[in-house]
Amino acid sequence: MKKKMTTVAFNDTPEQAEQLNALIAKYKNVEGNLMPVLQGAQDIYGYLPLEVQKTIALGLGVSVSEVYGVASFYSQFSFNPKGKVSIAVCLGTACYVKGSGKLHEKCMEITGIGAGDISPDGRFSYDATRCIGACGLAPVMTVNGDVYGRITPAEIDGIIAKYL
Amino acid sequence: MDMVTVKINGREYEVPAGSKIIDAARIAKIDIPTLCYLKDVNEIGACRLCLVEVKGARGLMAACVTEVTNGMEIYTNTPKVQASRKTNLELILSTHKKECLSCIRSGSCELQKLCRDLGVTDENRFAGKNVEGLKDESTAFLVRDNDKCILCRRCVAACKNMQGIGVIEALNRGFDTQIGSAFDQPLAATSCVSCGQCIVACPVGALHEKDDTDKVWDAINDPTKHVAICTAPSIRATIGECFGIEPGVDTEGKMVAALKRLGFDGVYDMNLTADLTIMEEATEFLGRMKEGKNLPLITSCSPGWIKYCEHYFPEFTENLSTCKSPQQMFGAMYKTYYARKRGLDPADIVFVSAIPCTAKKFEVRRPGQSAVGAGIYDVDYAITTRELGRMIEKAGINYKALDDEAFDQPFDIGSGAGAIFGATGGVMEAALRTAAEVILGTKLEKLEFEEVRGTAPIKTATYKLGDIEVRVAVASGTKNAKELLNKVKSGELAVDFIEIMACPGGCINGGGQPVQSAATKASIDLKAARSSILYNADKKMELRKSHENLAVKKLYDEFLGEPGSHTAHEVLHTHYIKRGL
Chain U
1 MKKKMTTVAF NDTPEQAEQL NALIAKYKNV EGNLMPVLQG AQDIYGYLPL EVQKTIALGL
61 GVSVSEVYGV ASFYSQFSFN PKGKVSIAVC LGTACYVKGS GKLHEKCMEI TGIGAGDISP
121 DGRFSYDATR CIGACGLAPV MTVNGDVYGR ITPAEIDGII AKYL
Chain B
1001 MDMVTVKING REYEVPAGSK IIDAARIAKI DIPTLCYLKD VNEIGACRLC LVEVKGARGL
1061 MAACVTEVTN GMEIYTNTPK VQASRKTNLE LILSTHKKEC LSCIRSGSCE LQKLCRDLGV
1121 TDENRFAGKN VEGLKDESTA FLVRDNDKCI LCRRCVAACK NMQGIGVIEA LNRGFDTQIG
1181 SAFDQPLAAT SCVSCGQCIV ACPVGALHEK DDTDKVWDAI NDPTKHVAIC TAPSIRATIG
1241 ECFGIEPGVD TEGKMVAALK RLGFDGVYDM NLTADLTIME EATEFLGRMK EGKNLPLITS
1301 CSPGWIKYCE HYFPEFTENL STCKSPQQMF GAMYKTYYAR KRGLDPADIV FVSAIPCTAK
1361 KFEVRRPGQS AVGAGIYDVD YAITTRELGR MIEKAGINYK ALDDEAFDQP FDIGSGAGAI
1421 FGATGGVMEA ALRTAAEVIL GTKLEKLEFE EVRGTAPIKT ATYKLGDIEV RVAVASGTKN
1481 AKELLNKVKS GELAVDFIEI MACPGGCING GGQPVQSAAT KASIDLKAAR SSILYNADKK
1541 MELRKSHENL AVKKLYDEFL GEPGSHTAHE VLHTHYIKRG L
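Residue numbers (the working numbering), protein chains in the order written: chain U, 1 to 164; chain B, 1001 to 1581.
Think of the hints as simulated: they come from the structure by calculation, not from any bench.
Given the structure is predicted, the values throughout are model-derived calculations rather than measurements.
One or more hints might be untrue.
[Said to hold, decoys possible] In silico BS3-like links for lysine-lysine, alpha-carbon gap of 27 Å or less:
| # | chain 1 | residue 1 | chain 2 | residue 2 |
| --- | --- | --- | --- | --- |
| 1 | B | Lys1479 | U | Lys28 |
| 2 | B | Lys1113 | B | Lys1210 |
| 3 | U | Lys2 | U | Lys82 |
| 4 | B | Lys1487 | U | Lys28 |
| 5 | B | Lys1487 | U | Lys2 |
| 6 | B | Lys1400 | B | Lys1487 |
Assemble the whole structure, with the sequences as input and the hints as a guide.
Here is the structure:
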């Protein structure tokens, strides 16, 4: 699915800008540097705003189209900021056959937003991801990076409540 | 060269070590079908049409990326190979908008040819999920219709690998994959230079030039308009290809005959204003050498290069020659000098140029390209070799059967120096012929400046003209221009005069030239074949120096005064913009 682009204005702090510049400087002359820089940038900002992608392109000496091409290819790069509670359900093959489709529906119902969106108040963001590599725990969801495995839709309310 | 022995379909062949299977097969007189492959530009094994069987290999191998090894046994035509290729082709067809009858590439489409060659009988065998493709008509020169795109990535590779620009990429993934620009911006919002190399790389009709032929037909059919056309130096070397003539055949006489039958009121040779450009540019160069200002001087004939410089090297815009390109000089002279001479109102003149270039469509509407002013452009329409070919076809003219005719006066004389403008190094050589005789004050014994000839990406030379040493450099292709300019910037290379053409090989390989298939490009040196025509023409001419062109001299005597005069500056020179990224 094509990624949604945020309409939220980009506001970075001087600390974030400094971190990004340090990240670019660290990888500048390393081969295959685009992926680790994009991952690092997403860690700094929670997502990959256009402005950040432009800074990365300029810093690494590649075209901005190339940066965007890679960032739009991998499902775990986001063009939307994350909510206070960032929820993701894995729709990879193993999770899906174990019923993650139902988790997916339940999460959209609870948050009131679709996959790839953030709620207008910034409280929730929700993503449907491809395989996150935890197939042994299928079906899997994550909340703010914490992994919850072998869950049922009925458990989701309780899990999310812990983060509110 | 190290050779290895391979067996192809049971026969033994000696092929260079390190060859790809596809090149080895060519030695065995076998054309392996390809779609994404573009020799030296895009070799990614993505389309899976070049699959072959290799004895001992686990699966079928992609011939465009697999190197031969000694003793390798290759089978290019087994039932398994045929079936796999056909299925892969049918899968590609499932997401292709099959509008073949009205498609601009009907007849020259590589996908269409493959369907015939591989025996596709049901183009709708698979129904793919069809995502609506991006349509982009935001620029002056290009139409992108991604509904026809087969995601071969040849355009992406031409832009990124060959030209070193990279304003287009494959975006998203799976069925959503599209070729486009960062953040889904229209191409006009990017630093695209309009070179059109993406168009000549495209195997299908997903990319084509914006067609201006209807506007030209309308003008021709309007009795109140005086419609003139001039043809760029390289058109005579390539237009025959539009009519199935093999590359490397000069059809200047037939081209002129065809244009006269289309109904133009004047058919002229742009070689003349190539000579005029040299008069202005050589004068400008000698002036800058004297003052030591804004050196190195960099040529300005290639509008793709100009836009590249403005975006990527804005610090060099002062170094650009202020001379308009030969196309623009022609239009400017026509609507000033010639209009006055013939008593024509410039507003009633429609001036058309036939050019090998898509960036010229952008150039005609640039600011500073109107000698008359009052919203009257020097050149009204710039049409590519391909568009001109289509006009001639539409008019039902039997091109191959035409007898030669000559250009119209008074713009019919062009020197050999003007002719070679169409090949990389040609402008430099033409300028050197004139500058050298001005500096030396005597006639040159040898007119050939061999060091700046040929299709090498970057050429440098130093010529001693009397007491003056002139250090020159020539680059074609924006990627090579970047390398050259970075060397100049860092001080690694000291140079006085630079010629840059945006397209690799110069205008003969421009983005507006006839499209040749990847197979043709892999088997012949298109650039060399086309440029040989221009150098042969030059060699055969008596008039080989711009400053000896009497038609040009007349323009100065009757109108311009002398090279670099006030009038010359008003009519023949322009200015640039620092665009940045």
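Now for the hints, and whether the structure bears them out:
1. B:Lys1479 x U:Lys28: Distance of about 21 Å is within 27 Å: holds.
2. B:Lys1113 x B:Lys1210: Judged against 27 Å, a Cα distance of about 24 Å means the pair holds.
3. U:Lys2 x U:Lys82: Holds, at about 18 Å.
4. B:Lys1487 x U:Lys28: Roughly 21 Å between the alpha carbons, so the hint for B:Lys1487 and U:Lys28 holds.
5. B:Lys1487 x U:Lys2: violated (42 Å)
6. B:Lys1400 x B:Lys1487: With a Cα-Cα distance of about 47 Å, the restraint between B:Lys1400 and B:Lys1487 is violated, given a limit of 27 Å.
In terms of the numbered hints stated before, the structure departs from hints 5, 6, listed from lowest to highest.
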